[in-house]
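Peer 1: The residues making up each chain are set out below.
Protein chains: 2
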Amino acid sequence: MSDPLLLPELRGMLLENDAAGLKEFCEVLHPATAADNLAELSPTDFWKVLSCTNLNRQVEIFEYVGAGRQRQFVADVDRQHLTALLEEMAPDDRADLLESLDPDQLEALLPLIAQAERSEIRKLLSYPDDSAGSVMTTEYASLPEDITVREAINQLRLQAPNRETIYYVYVLDEGRRLRGFITLRKLILARPETLLSQIIERDVISVRVDDDRELVANKMARYDFIAIPVVDEQNRLVGIITHDDVLDVLQKEATEDVHRMGAVDPFDENYLEASFILIWRKRAAWLSCLFVAELLTYTALGRYEHAIKAVVVLSLFVPLCISTGGNSGSQAATLITRAMTLGQVKVSDWWRVVRHELAMGLALGLTLGCIGFLRGYFTSPEKLDGADRMTLAIVIAQSTATICLWGTLVGAVLPILFRRVGVDPAIASSPFVATFVDVTGIVIYFNVAYAHGLIT
Amino acid sequence: MSDPLLLPELRGMLLENDAAGLKEFCEVLHPATAADNLAELSPTDFWKVLSCTNLNRQVEIFEYVGAGRQRQFVADVDRQHLTALLEEMAPDDRADLLESLDPDQLEALLPLIAQAERSEIRKLLSYPDDSAGSVMTTEYASLPEDITVREAINQLRLQAPNRETIYYVYVLDEGRRLRGFITLRKLILARPETLLSQIIERDVISVRVDDDRELVANKMARYDFIAIPVVDEQNRLVGIITHDDVLDVLQKEATEDVHRMGAVDPFDENYLEASFILIWRKRAAWLSCLFVAELLTYTALGRYEHAIKAVVVLSLFVPLCISTGGNSGSQAATLITRAMTLGQVKVSDWWRVVRHELAMGLALGLTLGCIGFLRGYFTSPEKLDGADRMTLAIVIAQSTATICLWGTLVGAVLPILFRRVGVDPAIASSPFVATFVDVTGIVIYFNVAYAHGLIT
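These protein sequence lines are chains V and S, in that order.
Counting with the numbering used here, you get residues 2 to 457 for the letters of the first sequence.
Counting with the numbering used here, you get residues 2 to 457 for the letters of the second sequence.
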């Protein structure tokens, strides 16, 4: 996402060694814009440009560089520069970067970092990947409750330079337990001599450090906070998660879900920039699994070979019947998975979901069955091969209706089952459900044909 | 999402007409929590509880009630109360509510609302549904640039009560053109006598009022803003979009995309609460379309009926071959659609995408072809019916490879094509692509069989 005008200008300044110009480039643009363009440079040039500005600005820009490029740049800079940078970075961004490094690289770096930061890093790295702890930052603003508004604002001025946000301020007791919170807006509207304890909000909505980040995102979306406090099991404040991190979480989770639904092992990288081999692996793995599973359709169909030989027209309807199951199954799976992601459906709701989808599957099955009946009835005589037109129509109608109901139920139940056993329900995705229903659909279809005496 | 403890307590207080308790209920809880529980009440009870608190708090709670319930409550309250409420609501929330009403209801309400608000409403309602204008609010904080920091903070105190946020303040000239912006954090850190013009950020990143809301969400996610200014074609500030609205947009867009991918006409309602008929319509419409399209597989297969009669084993591999196309197609469609949503791929990148997917389709096709070859080769002799084992293996391998390549290309190109003609690329979803590739897959499969002389 580099700029077609800025990037050549940047390269020009590099060629001319225009330190003043490079400094201006770093300091005038929004750090995200600067980062977008600097990411196109070689590591050597990247660090050359960054060195033209102060460490603070370097950190701001570096934090906006994408994860993949960050890793590459980090591999190619002298240790001292890197250490200074790491010590200044926001704890959550730093933890993300360090987590993406090789263990060897990480172990070589850690001893160079100051003791205080080091234990901070180890702590943040210890939280599981999708937990609130892994996205929070420890740089929150906090105040005691027994001071006045005037003192509070003065203390905030001192804290401001290295806090992620000062718009939400948390009030803690001596044990760092969360007692309340107040917004900066309320602070500057209050009379300076008012005591904090009189005006703070005591009903604080927080998340636990081991909560899933998806739950955090849903809470933030519900309550419209700029930041949400993260507490441990003793209600001690351990960090905050800010609105921008939640936005990232939401985007990442949506990408993950969408990828899983499309039978791709999720990846974070930019589609056009990711490595071919990586993407091939992630796609081939799923496609091969589905292909192998789909081999079962051959086995299932093989059992009815004699029936096909007797009434060839039956084989012509096979793709129609099984795709009906696939489509209705992926529809139900999609709806339930999304509703679970949004927190609308919980595992305990399974019985309501089943009842609902049973009725829906019947209604949808009837709809498709009617169309199927018409198609079966108007099969051209030379294709019928002696089979009875009406019987064929009834077989097609009943099969599509049954398979549609079956697909809908499977699609609804699988995601709940997956969530129940702790697997991401998005895995019970369209292609997965479709493959499963393809095989069973064949069995249903031929059994309906037997039942109506179309084959013997 | 009502609380199993709070709701019975609330009902109890209502029975006892405990006005003081109801007032406390409204004022102590977070308005979102209060709204979650109040939404379970009948309209009469809902308004009875709300009346126990002041108008400001009523508005705060009402804004958190879901769209569907809001509509029901609004239909059952006296006009005067409703008018007072509407006049106090945030312009963006109010516009959302009014937009969801029947045109008759809306026209009956508008004359009761004060003139100034009314023209505001008409303006916000005039922006197209998915535009920045439709999600922005007009209640932003703004300042002239020729005042001091002290004066600025004093002016902000006056503006604060009815501004959505005062953490980002926009600096405008006399023509309301956007000249710069400053954060409250920077303001309270600056020396009181400093002139605003000396410290404001002049490189303001903004969006246009007719920009797509998806673009707004991507910009906010990139730049980590709390709010982004919305300007018209003359760079005049017309509103702001805040972080919480962007979070909602992102969630809604993700739901829309996921639903489309699963062949459901998107809907906003809670899955468990939405009306059966509504959901049936949204699901049946798509399933029927796909079913009718899938009827073409019968027609396609029908053309090869004589071939199936001659070599029945061929028909046993049909589901395998066509599902290969469906899976590889939905995989590619998913990846490209998501990359377009995230702004990573633009229509102008189509050639890069095609080249990329051509290579990927070949690699994936080879992978599946190898598995297909083995399966074809180990077909049990009694199924072969005189067909040559090696020829069959080659036909299966070549068909799956070709169909996989074809599916990948179709899946990659269709979303780009859809976006190019202004249709949401998510419509080119898995089931849509799968159905298309199913039909063409049959043709490819039998033509490969002809080419190798397996059928004549």
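Hints were generated in silico from the structure; no laboratory data involved.
Accuracy of the hints is not assured; some may be wrong.
Each pair may be met inside one copy or between any two copies, as identical chains are not told apart.
Within a straight-line C-alpha distance of at most 20 Å, the following computed SDA-like cross-link-like pairs (lysine to any residue) qualify [unchecked claim]:
#	residue 1	residue 2
1	Lys283	Thr380
2	Lys283	Glu254
3	Lys220	Ala33
4	Lys24	Lys49
5	Lys283	Gln345
6	Lys384	Ala301
7	Lys283	Val355
8	Lys253	Ser289
9	Lys220	Tyr65
10	Lys283	Thr149
11	Lys384	Arg304
12	Lys220	Lys347
13	Lys187	Arg158
14	Lys187	Leu113
15	Lys49	Leu107
16	Lys310	Ile456
17	Lys24	His82
This structure is a prediction, so every number in the text was calculated from the model and none was measured.
Peer 1: If a hint holds in the structure, say so; if it doesn't, say that too.
Peer 2: Tested hints:
Proximity of lysine 283 and threonine 380 under a CA criterion of 20 Å is satisfied in neither setting, with 43 Å inside one chain copy and 29 Å between copies. Proximity of lysine 283 and glutamate 254 under a CA criterion of 20 Å is satisfied intra-copy only: 17 Å inside one chain copy versus 25 Å between copies. In this homomeric assembly, lysine 220 and alanine 33 come within 20 Å of each other (Cα to Cα) only across copies, at 10 Å, whereas the closest approach inside a single copy is 27 Å. In this assembly of identical chains, the alpha carbons of lysine 24 and lysine 49 lie at most 20 Å apart only when taken from the same copy (11 Å versus 63 Å across copies).
Taking identical chains as interchangeable, the C-alpha atoms of lysine 283 and glutamine 345 lie at most 20 Å apart only when they sit on different chains, with a minimum of 19 Å there against 30 Å within one chain. Within a single copy, lysine 384 and alanine 301 get their C-alpha atoms only as close as 24 Å, which misses the 20 Å cut-off; across copies the closest is 13 Å, which meets it. Taking the shortest Cα distances, lysine 283 and valine 355 sit within 20 Å of each other only across copies (19 Å), while inside one copy they are farther apart (33 Å). In this assembly of identical chains, lysine 253 and serine 289 lie within 20 Å of each other by CA distance neither inside one copy nor across copies; the values are 25 Å within and 33 Å between.
In the homo-oligomer, the alpha carbons of lysine 220 and tyrosine 65 lie at most 20 Å apart only across protomers (13 Å), although the nearest pairing inside one protomer, at 26 Å, exceeds that limit. In this assembly of identical chains, the alpha carbons of lysine 283 and threonine 149 never lie at most 20 Å apart, being 57 Å within a copy and 57 Å across copies at closest. Within a single copy, lysine 384 and arginine 304 get their C-alpha atoms only as close as 23 Å, which misses the 20 Å cut-off; across copies the closest is 10 Å, which meets it. In this homomeric assembly, lysine 220 and lysine 347 come within 20 Å of each other (Cα to Cα) only inside a single copy, at 15 Å, whereas the closest approach across copies is 33 Å.
Within a single copy, lysine 187 and arginine 158 get their C-alpha atoms as close as 16 Å, and across copies as close as 10 Å, so both meet the 20 Å cut-off. For the identical chains of this complex, lysine 187 and leucine 113 are neighbours neither inside a copy (42 Å) nor across copies (33 Å), given an alpha-carbon limit of 20 Å. In this homomeric assembly, lysine 49 and leucine 107 never come within 20 Å of each other (Cα to Cα): the closest approach is 24 Å inside a single copy and 61 Å across copies. Taking identical chains as interchangeable, the C-alpha atoms of lysine 310 and isoleucine 456 lie at most 20 Å apart whether they share a chain (10 Å) or sit on different chains (16 Å).
Taking the closest pair of Cα atoms, lysine 24 and histidine 82 come within 20 Å of each other only inside a single copy of the chain (17 Å); across copies the shortest separation is 59 Å, beyond that limit.
Comparing the model with each earlier hint shows violations of hints 1, 8, 10, 14, 15; every other hint is respected.
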